[in-house]
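Enquirer: Protein chains in written order, with the numbering used here: chain G, 4 to 641; chain H, 297 to 623; chain W, 2 to 327.
Rather than coming from a laboratory, the hints here were simulated on the basis of the structure.
Warning: the hint list may mix true and false statements.
[Unchecked claim] Taking beta-carbon pairs under 7 Å as the criterion, some of the chain H residues facing chain G (in silico):
no., residue
1, L327
2, P329
3, Y347
4, G384
5, I452
6, L454
7, A456
8, L457
9, L459
10, S464
11, G465
12, L473
13, G474
14, P478
15, G600
16, T601
[What the hints assert, rightly or not] Residues of chain H placed beyond 12 Å of chain G at every Cβ, according to the derived structure:
no., residue
17, V321
18, L404
19, L559
20, T569
21, I603
In this text, a Cβ means the ideal position worked out from N, Cα and C, and glycines have one as well.
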Amino acid sequence: MNVKTRKVSMVLSIVLLTSLVLSLFGTTAIAQEQQITKVPFTEDYSKYPPFFTITQIAPIGNKVREQYTQAVNLEMPKIGIQADFKLLEFGDLINREFNNYYGKAYSEDGFDISSFGWSVGVDPDPFDIFHSSAMTPIGNNVTFWYCPESDEMLAKARVELNQETRKDYLWRWQEIVADEKPYCVVYIPLNMWASVDTLDGFSGLLWTQNYDAASWSIPGKDTIVYATPAAVEGMLVWRWNSVYGYYCNQQIFQTLWQNDENLNQSPVLADSATEGPTIVFAPSMLDDASIEALAPDVKKCNVSSKLAEPVVFPEYFDIKIKEGIMFHDGVEMTSEDIKWSFDACVSPDTAFQGYGTFRDVYGGSEIIDKYTLRVFVGMPHAAWLRNCDVNILPKHVYGSIPITGAEAATGWMESDVNRGETVIGSGPFVFDSWEADQYWKLKKNADYWGAKYGLPDAGCDFLVLKLIPEREAARVALETGEADIVDTYYNLTIIGEELEATPGVKLWTSEQFGYQHLHFNCRNPYLANKYVRQAISHCIDRQGIVDNLLGGYGVPGRNPVAVPSWAFNTNVAPDSYDLAKARELMDMAGYRFYIIEKEVTVEGGEAGAGTSTTTLIVIGIVALIVGLAIGYMVKKKD
Amino acid sequence: MGMREYILKRVILIIPMLMGISFIVFMLMYLMPGDAVDLMLALQPDTDPAYVAHIKSIYGLDQPWYIQYFYWLKQFATLNLGSSFLSGRDVSEEIGARVVNTLSYQLLAVVFSIAVAIPAGIVSAVKQYSKTDNLVMTAALLGVSFPIFFLGLMNIFLFALILGWLPSGGAHSTVFLGRDIPHDFSYYLDYLKHLALPTLTLGLASTAYNARLVRSSMLNVLREDYIMTARAKGLKERVVVYKHALRNAMLPVITVTGMQIALTLGGAPITETVFSWPGLGKYFVYAIQHRDYFVIVGITVVLGTLILVANVLIDISYKWLDPRVEF
Amino acid sequence: MADNLLEIKGLKTYFYTEDGIVRALEGIDLHIEQGETLGLVGESGCGKTVTALSVLRLVPDPPGKIIEGEILFEGVNLLALSESDMRQIRGNDISMIFQDPQSALNPVFTVDNQLREVIELHQGLDKKEARQKAIEMLDLVGIPDPEARVEDYPHQFSGGMKQRVMIAMALSCNPKMLIADEPTTNLDVTVQAQVLDMINNLRKELGTTVLLITHNLGVIAEMSDHVGVMYAGRLVEYGDADTIFHAPLHPYTIALHEAVPRVTEKKQKLGVIKGVVPNLIYPPSGCRFHPRCDFSTEVCEKEQPKGEWVGDHYVECWHRREGTKL
Ligand SMILES: Nc1ncnc2c1ncn2[C@@H]1O[C@H](COP(=O)(O)OP(=O)(O)O)[C@@H](O)[C@H]1O
Ligand SMILES: [Mg+2]
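Could you put together the complete structure from these sequences and hints?
Expert: Structure follows, in structure tokens:
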């Protein structure tokens with residue numbers, strides 16, 4: 004290599020280096036010129052493009068629900084979420100949510116955000132809605148939410164017989180839910196009945212909570228007419244498609260325990276229940292074969308067990324029934340009848356409505372004496388006794404109808420009892436007659452056995468459930484005297500104010516055992532982030548919804564537990580309606596708007612002035628290649 | 297073709313038509329998301345798919361729809377409509393319990409509508425642009441533009457609440473509900489009272505339409521030459537209108553009434569809902585909501601047959617009214 | 002003029018339409034002698050039908066009204082009769098057949114029914130007798146096998162046959178006067194002559210007076226004793242057939258003659274009068290024909306010509322074309 008060559012390479016190298024350095028310098032110079040400002044949380048994000056787009060669904064039917072879903076939907080763009088709003092047929096919605104394997108999104112026939120309402124019992128068991136083993140399609144955990152501590156609390160609460168300890172678990176669980184927000188409870192509606200103002204003994208509770216029809220009376224009237232918006236389909240003893248079938252059932256057939264008007268469990272047919280010795284129940288896992296049978300896809304889900312850990316629990320309860328309980332045909336009820344009724348309910352072939360719950364409760368039984376039945380625990384459950392509330396039917400009347408095998412379902416459906424011909428129970432009312440789509444008529448049981456145990460006789464001679472589908476028509480019927488009580492399922496709160504002003508009409512209200520909610524598909528990549536879910540919760544103007552959509556007849560939502568229940572955690576505050584807070588939460592989730600001002604002017608006469616970084620880099624690279632090429636050629640000449 | 301062959305042919309044609317209708321209904325039903333068992337059990341806590349599958353197999357819902365259709369067809373061949381998933385009773389029994397209720401007010405509504413619409417339409421046509429005409433036509437316009445639901449509620453408010461003349465809904469008063477109620481004169485009188493408002497409501501809706509139809513048809517006929525001929529014979533105006541004009545004016549009315557039968561039946565669900573009337577229309581909607589497949593098909597087939605038969609009757613009456621018609 | 006069966010004096014019939022008052026008849030004087038046939042000609046829209054309907058008081062009301070004039074039938078003013086007395090005259094003393102036999106019979110009743118109706122009404126016959134009479138009438142108008150055909154519906158007859166039925170119906174009560182409003186216009190050319198012949202024969206046989214309306218002069222050439230020419234709601238010329246056919250005075254009548262299709266010529270060409278019948282809501286001033294008239298002068302435009310009788314010949318023109326021989 005001669006001097007000339009070296010000189011050339013040196014010059015070239017300098018040019019090259021300078022340009023490279025310049026290019027770097029130019030970059031920094033420009034970067035420094037970019038102005039980045041954070042959009043404040045108080046600003047409405049809807050003028051910016053959304054962070055992400057999802058689809059929000061709700062079932063058609065409940066007007067208030069349609070409206071609140073839409074109201075929330077209109078808030079979401081303000082925090083940067085665009086949600087397309089779709090009202091779906093109920094069947095479509097059910098399919099998307101309850102047949103949803105591995106949390107499919109709306110675009111894959113699943114869902115992203117949805118709303119509907121749950122009704123829950125006095126004794127909460129949220130396991131099936133919130134436990135990770137109960138994800139759809141196995142259970143009702145439609146959200147695919149998984150939280151180990153929540154799972155633990157739910158599993159423990161489920162098998163704790165001590166109510167105080169159980170309360171601790173459930174209160175803690177509600178705190179977790181309030182933080183994690185798989186559900187946003189929006190409001191709890193009020194139940195509202197309207198009646199003639201002379202009605203007496205009415206508790207203003209749903210019949211499912213308190214079967215109080217026997218205590219109703221209206222002075223001077225021997226027939227009470229109760230207007231219902233849906234039909235009582237028929238005398239199906241094991242299954243009812245509307246709540247009214249169940250109502251009527253409960254007046255004719257009876258259960259071991261029922262709630263009193265303070266919602267405490269009190270015995271009806273039962274005299275007492277004695278715990279047997281405790282044993283350890285091994286975890287019950289769903290085996291692969293049964294999972295395979297459900298659906299081939301399911302085993303890929305997070306399905307594990309019904310009972311995750313070993314549990315110490317009584318092996319059985321000895322249930323003693325009262326003496327002298329008489330069926331309507333004058334035959335005394337014995338432990339035989341209890342056993343037979345339990346066996347019928349646990350048979351999948353009778354298509355018993357409460358089969359899902361009862362199957363877990365009941366592990367078979369043994370007759371001890373005429374009045375005592377030893378009932379083995381199928382699976383430990385805190386509300387074990389409460390869950391034994393299936394109708395007790397007379398075996399001597401219905402025993403000939405099979406309760407297992409293929410003929411059971413058709414046998415019961417085609418039986419006399421389903422046609423309202425031989426209906427024999429033990430309750431304060433006797434079945435009188437029934438006509439499709441018109442009415443159910445119950446007659447006072449004149450020989451009711453309850454008096455000696457302090458159970459009231461029916462307060463009226465006849466109780467007629469009359470189908471009146473339209474609210475306005477039912478209201479006219481009340482005013483004209485064609486009906487005496489108008490049921491709560493008419494959503495009477497909509498005309499609550501008018502009813503209050505109507506002379507001769509009395510209103511009865513109570514908080515519903517249930518809640519209306521939004522819930523999320525936690526496997527949606529955006530909604531998997533709990534801050535996003537919290538943010539959406541702060542978009543809900545709960546008080547506004549109660550005031551404007553419910554006319555004030557409701558309570559803002561907090562916990563997914565019935566408000567009147569002992570298990571309701573009163574320490575959890577409802578989420579505020581606060582969009583700034585929501586945007587802050589979106590920031591925590593990683594969604595924030597920045598304003599980048601791109602204007603670039605570099606002062607002085609530097610080489611990079613006015614050119615972009617890319618140009619400089621390109622110049623540098625070209626120079627490098629040229630330099631190398633020249634160096635190579637010079638070298639070759641040597 | 298003679299009348300007898302014509303009727304025979306039409307009656308035989310009903311069978312493939314029913315098969316076609318039922319096939320389409322089956323297809324549509326299975327396009328709806330969810331089936332009866334899904335809806336029944338989905339919101340129950342603790343339902344596991346194995347149990348759902350078990351219940352579905354009891355009802356045969358685990359089969360593909362065309363297989364289910366085939367089974368249904370096989371049953372139908374023996375005139376068996378299957379049984380309801382929901383109530384367990386035979387579909388024919390369920391329909392039987394309601395069909396009379398539906399036909400009663402539907403037929404009365406048609407009779408009412410024709411009985412009112414024809415005189416109203418005639419008066420209005422004969423006295424075209426008179427005060428009577430304006431009154432009738434304004435009333436008809438109102439009648440046409442009110443939805444049945446609204447009209448029904450108005451009737452309830454007026455006749456049940458304000459005037460207190462008629463019951464607000466249902467088929468029987470409470471005192472007539474029950475096992476040992478004798479079906480005597482007062483029982484049926486009570487039924488008739490309950491029948492009045494649904495009949496009136498549904499009738500009014502089609503009266504309005506029919507009156508306008510009769511009027512325009514009548515106006516057209518009154519311009520015909522043979523009306524002038526009749527007058528030139530020295531016939532009384534009454535004879536001219538009621539003999540010569542009316543029969544001709546009835547032809548388009550009859551044609552439209554044939555189509556209206558399907559239309560008024562379409563008003564059945566709303567009418568029956570407003571008046572708590574235990575008929576097929578309300579039940580049909582209920583069955584669709586609950587995916588009670590055999591009931592849906594059953595009602596479709598029964599109503600389809602009724603509509604087809606009604607149309608045959610209308611064709612026959614058409615032939616009777618207009619000798620120019622050839623089958 | 003005791004032998005005049007019908008006498009129309011100063012008849013004015015107007016139609017009160019939304020567009021204005023249609024002065025369809027603006028003062029018509031016309032008479033028909035007992036037993037004769039009067040031909041009434043004029044283009045379409047001249048008011049011939051309205052004249053006929055006015056006689057029967059069947060002008061559709063609304064919108065039509067006879068506002069002035071007298072119609073004397075056997076010396077009795079028909080316009081002064083009650084509606085029920087008038088019904089006694091319709092179909093009984095005066096009957097009418099219409100232009101379009103296709104639509105003049107009610108399609109939904111049998112011929113028997115429609116014939117009997119008028120017979121029973123005016124002749125007081127019972128059903129059986131009336132039916133017998135109906136069959137006789139059908140036989141009279143040349144319908145073959147009338148006993149069977151009487152049970153048929155109108156649509157089972159051809160156009161010519163229907164017009165025969167109409168004639169049978171019109172003559173069944175032995176009316177004193179028959180008004181035939183363009184009875185052959187809508188018929189096949191071959192049938193036209195037969196029907197006209199029949200009317201002609203029957204009226205001779207029965208002694209019926211006939212008012213024969215047509216827009217075609219040729220049609221009445223052989224049949225009428227007198228001819229009236231109408232133009233735009235006026236009678237412009239009247240005279241015995243011979244005079245009108247061979248020595249017409251009014252330019253419109255002359256123009257009508259020229260417009261008659263001449264079958265004798267090699268090429269049958271239908272001459273037309275230039276222009277159209279005027280709108281009768283705003284009729285032309287003066288002589289209504291002046292805008293279309295080759296001979297019109299200032300006076301025609303300004304003043305309505307006075308009609309003038311020369312013997313039995315009436316003409317309404319300022320420039321009567323005296324001595325015009327056709
Ligand atoms: N019903 C009617 N309403 C209005 N104008 C009518 C009516 N009938 C006839 N006219 C008018 O009266 C005039 C004479 O009609 P018409 O007597 O039918 O003529 P034609 O000489 O052809 O028989 C026409 O201008 C026509 O428009
Ligand atoms: Mg004419």
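Enquirer: With a cut-off of 7 Å on the beta carbons, see whether P478 of chain H makes it to chain G.
Expert: 14 Å, violated
Enquirer: Take the shortest C-beta to C-beta distance between S464 of chain H and chain G; is it under 7 Å?
Expert: 5 Å, holds
Enquirer: Taking the minimum C-beta separation from V321 of chain H to chain G, is that value above 12 Å?
Expert: 16 Å, holds
Enquirer: Beyond 12 Å from every chain G Cβ: check whether that's true for I603 of chain H.
Expert: 22 Å, holds
Enquirer: Are all beta-carbon distances from L559 of chain H to chain G longer than 12 Å?
Expert: Answer for L559 of chain H: holds, closest chain G Cβ roughly 22 Å.
Enquirer: Given L459 of chain H as an interface hint, is the shortest Cβ-Cβ distance to chain G below 7 Å?
Expert: Violated, about 11 Å.
Enquirer: Quick one, is the G465 of chain H hint okay against chain G at 7 Å, beta carbons?
Expert: G465 of chain H check passes; min Cβ-Cβ to chain G is 5 Å, inside 7 Å.
Enquirer: Return the status of the interface hint for G600 of chain H: holds when the least beta-carbon distance to chain G is below 7 Å, violated otherwise.
Expert: Violated, about 21 Å.
Enquirer: Was the hint right that P329 of chain H lines chain G, CB cutoff 7 Å?
Expert: Cβ of P329 of chain H sits 4 Å from chain G, so the hint holds.
Enquirer: So, T601 of chain H near chain G? Judge it on the closest CB pair being under 7 Å.
Expert: 21 Å, violated
Enquirer: Given G384 of chain H as an interface hint, is the shortest Cβ-Cβ distance to chain G below 7 Å?
Expert: 3 Å, holds
Enquirer: Please confirm whether T569 of chain H is truly not at the interface, meaning its C-beta sits more than 12 Å away from all C-beta atoms of chain G.
Expert: 5 Å, violated
Of the numbered hints given earlier, the model fails hints 1, 6, 9, 14, 15, 16, 20; all others are met.
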